[in-house]
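*Asks:* Sequence:
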Amino acid sequence: MVTAALETLLDEFRSYLERRDRSAHSIRAYLSDLRQFAAWFAEHAGEPFALKSVTEYDVRDWRDHLEKVMKPATVNRKLSALSVLYHWAGEQGWLERDPTQHVSGVDQQPTAPQALPDQALRRILRQAWLSGSKRDAALLELLAATGLRASEIAGLTMGDLDLGERHGWVTVRGKGRKQRRVPVHKKARRMLQEYLDERGELTPNAPLFLTQQGTALTPYVVWYTVKKYARLAEVENVKPHSFRHTVATRLVRDPEVDLVTAATFLGHSRLDTTARYSQPSEEDLAEAAERLER
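Just so you know, we're using this note's numbering here: the sequence shown kicks off at 106 and counts up by one.
Calculated directly from the structure, the hints in this document are not laboratory data. For glycine and all other residues, C-beta sits at the position ideal for the given N, C-alpha and C. Among the hints, a few may not be true.
[To be verified] Simulated pairs of lysine-lysine, DSSO-like, Cα-Cα distance not exceeding 27 Å: (1) Lys291 to Lys344; (2) Lys291 to Lys239; (3) Lys292 to Lys344; (4) Lys292 to Lys239; (5) Lys176 to Lys344; (6) Lys332 to Lys239; (7) Lys344 to Lys283; (8) Lys333 to Lys292; (9) Lys176 to Lys332; (10) Lys332 to Lys344; (11) Lys291 to Lys333; (12) Lys344 to Lys333; (13) Lys332 to Lys292; (14) Lys291 to Lys332; (15) Lys333 to Lys239; (16) Lys344 to Lys239.
[Said to hold, decoys possible] Label-pair restraints from in silico Cβ distances: (17) Leu156 to Leu337: 47 to 55 Å; (18) Lys292 to Gly264: 21 to 29 Å; (19) Gly237 to Gln206: 51 to 59 Å; (20) Val365 to Ala155: 43 to 51 Å.
Build out the structure end to end from the sequences listed, making use of the hints.
*Replies:* Structure representation (structure tokens):
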């Protein structure tokens with residue numbers, strides 16, 4: 106049950122998350138999770154959701170309910186949304202107790218985020234090249250070379266690109282108003298240069314990637330472009346972040362690249378975020394199981 110009081114609360118919570126520089130994707134996910142909890146609570150408790158009405162017992166029941174139908178990572182994210190809400194409400198002085206404080210998340214086996222196999226990645230890039238769209242080919246090659254987030258690549262301007270015959274860098278404005286410089290390898294530089302030669306207009310403030318209407322790309326257009334060529338390449342479950350996972354996995358598993366270098370390349374503020382890519386993926390575990398049969 107979504108009430109006016111709940112929407113007012115969530116609007117204030119949204120503003121808090123925005124001040125904390127949470128990504129638009131994270132904010133949408135948190136608000137969706139909280140609306141889902143409010144609807145469940147109304148049915149479970151027989152009364153509309155209110156901050157002070159929720160007990161630790163309700164949170165445990167919510168966790169147990171989710172665990173029956175969702176993966177541990179999803180359950181933990183939804184619990185995290187509720188925990189952040191109550192932490193914020195406590196800071197406002199609205200509550201004396203936090204019902205989420207003593208409720209633990211669901212245990213989950215640490216596995217690396219899913220990276221694209223080399224052959225699958227090449228098939229996607231090949232489809233973009235065959236399309237004849239210099240923009241799309243350059244966009245996907247840059248994603249594959251740098252692992253930029255969709256929001257980061259959509260926000261690039263011409264002034265962020267430093268491209269030469271023997272060097273290439275992009276200045277990235279990432280989460281939390283942070284900036285970093287990311288190197289671009291030779292193949293991606295070549296595709297970018299072909300795209301820029303076709304573009305013509307090279308003013309520093311102009312968006313690097315344009316829509317057909319001449320406006321800056323949005324993260325949704327980046328997402329749509331990736332899905333389009335993944336579908337043509339017959340590769341399933343691909344999104345822009347799949348390229349990021351692939352770059353991160355290659356960096357972390359390369360014995361010549363140390364963890365700090367990989368974290369700096371990816372724009373991670375915490376080394377443990379980067380280190381998770383050293384964990385085995387589900388495919389690694391499945392391959393290990395197959396080897397046991399030989």
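*Asks:* If you draw a straight line from the CA of Lys291 to the CA of Lys239, is it 27 Å or shorter?
*Replies:* holds, 16 Å
*Asks:* Given the hinted pair Lys344 and Lys333, is their alpha-carbon gap at most 27 Å?
*Replies:* Given that 27 Å is the threshold and the Cα spacing comes to 10 Å, the pair holds.
*Asks:* Can you confirm whether the C-alpha distance between Lys291 and Lys333 stays at or below 27 Å?
*Replies:* holds, 25 Å
*Asks:* Within a Cα-Cα threshold of 27 Å, do Lys291 and Lys344 meet the stated pairing?
*Replies:* holds, 24 Å
*Asks:* Quick one, are Lys333 and Lys239 close enough, alpha carbons at most 27 Å?
*Replies:* holds, 15 Å
*Asks:* Against the 27 Å threshold, does the CA-CA distance of Lys344 and Lys283 hold or violate the hint?
*Replies:* Holds, at about 24 Å.
*Asks:* May I ask you to test the hint 51 to 59 Å on the CB atoms belonging to Gly237 and Gln206?
*Replies:* holds, 57 Å
*Asks:* Between the alpha carbons of Lys292 and Lys344, is the straight-line distance 27 Å or under?
*Replies:* holds, 22 Å
*Asks:* Taking 27 Å as the top limit, are the C-alpha atoms of Lys333 and Lys292 close enough?
*Replies:* holds, 22 Å
*Asks:* Would the pair Lys332 and Lys292 pass a check requiring their Cα atoms to be no farther apart than 27 Å?
*Replies:* Since the Cα atoms of Lys332 and Lys292 sit roughly 22 Å apart, the hinted pair holds (cutoff 27 Å).
*Asks:* Mind checking the alpha carbons of Lys291 and Lys332 for me, to see if they're no more than 27 Å apart?
*Replies:* holds, 25 Å
*Asks:* Quick one: are Lys292 and Gly264 within 21 to 29 Å, going by C-beta?
*Replies:* Since Lys292 and Gly264 have Cβ atoms about 23 Å apart, the given range 21 to 29 Å holds.
Checked against the numbered hints above, the structure breaks none of them.
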